[in-house]
Amino acid sequence: MSSNIDWNDVIKKEARGINDADFGEVQELTSGFVITQKGLIDVEVFGIPKEKVESYDGNVLRFNVSEDEAFSKYREGGEDNAEIHSQEEVSTIDKMETQLQSNKYRETEESTTVPLMEERLDISNQSRKTLLL
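FYI, the numbering for the sequence shown is 1 to 133, going by the working numbering.
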């Protein structure tokens with residue numbers, strides 16, 4: 001099925017696996033892998049082989065991969081990761097992970113200034129003379 005997919009269209013699309021496992025969003029493509037990112041704070045990066053793609057409906061890229069398989073074989077830092085990816089692909093995933101971590105750090109370091117607003121009331125005790133006619 002993966003031969004019928006317009007690979008340029010899958011960037012920034014949702015990535016799902018067996019039983020609707022969430023693999024995040026497609027970030028990049030290499031010669032044989034789809035690189036996805038899941039999460040913003042606890043970031044997980046996956047490099048899933050294109051041959052594992054089952055379908056693409058224009059919004060969701062579906063893989064014939066279980067959540068357990070993705071975490072053990074295709075997740076950056078997973079136990080089987082080095083055996084599956086070529087050095088170039090591992091390097092690409094490492095660079096992407098570094099960039100994501102850098103972006104996360106920048107987001108936490110930025111601050112927002114909120115202007116302090118103040119309202120003052122004049123509650124002085126002054127007498128006024130009123131002329132009655």
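Hint data in this document are derived by calculation from the structure and do not stem from the laboratory. Hints are not guaranteed to be accurate.
[Stated by the list, open to error] Derived lysine to aspartate or glutamate pairs resembling DMTMM-like cross-links, with alpha carbons at most 25 Å apart:
no., residue 1, residue 2
1, K12, D68
2, K52, E67
3, K12, D42
4, K38, D22
5, K52, D6
6, K13, E28
7, K38, E14
8, K12, E69
9, K52, D22
10, K38, E69
11, K38, E28
12, K13, E54
13, K52, E76
14, K38, D6
15, K52, E69
16, K52, E25
17, K50, E25
18, K52, D20
19, K38, D68
20, K52, D9
21, K52, D68
22, K13, D68
23, K13, E25
Q) Going straight from one Cα to the other, do K38 and E14 come out at no more than 25 Å? A) Holds, at about 10 Å.
(Q) Tell me if the straight-line CA distance from K13 to E25 falls inside 25 Å. (A) 5 Å, holds
Q: Take the C-alpha atoms of K52 and E69, compute the straight-line distance between them, and say whether it is at most 25 Å.
A: Measuring from Cα to Cα gives roughly 11 Å; hence the hint holds.
Q. Does the alpha-carbon distance linking K13 and E54 stay inside the 25 Å limit?
A. 15 Å, holds
Q: Could you grab the alpha-carbon distance between K12 and D42 and see if it respects the 25 Å cut-off?
A: Holds: K12 and D42 sit about 19 Å apart, inside 25 Å.
**Q.** Restraint status (C-alpha distance of K38 to D22 at most 25 Å)
**A.** It holds: about 8 Å lies between the C-alpha atoms, which stays within 25 Å.
Q) Within 25 Å, alpha carbon to alpha carbon, are K52 and D20? A) At roughly 15 Å apart (the allowed maximum being 25 Å), D20 and K52 satisfy the hint.
Q) Is K13 within 25 Å of D68, Cα to Cα? A) 21 Å, holds
Q. If you draw a straight line from the CA of K13 to the CA of E28, is it 25 Å or shorter?
A. The hint holds at about 11 Å.
Q. K38 and E69: Cα distance at most 25 Å?
A. Satisfied, since the Cα-Cα distance of roughly 15 Å is no more than 25 Å.
(Q) Need the status of pair K38, D6: alpha-carbon distance at most 25 Å? (A) Given that 25 Å is the threshold and the Cα spacing comes to 22 Å, the pair holds.
Q | Holds or violated: K52 to D6, with C-alpha atoms at most 25 Å apart | A | 15 Å, holds
When each numbered hint is compared with the structure, no violation occurs for any of them.
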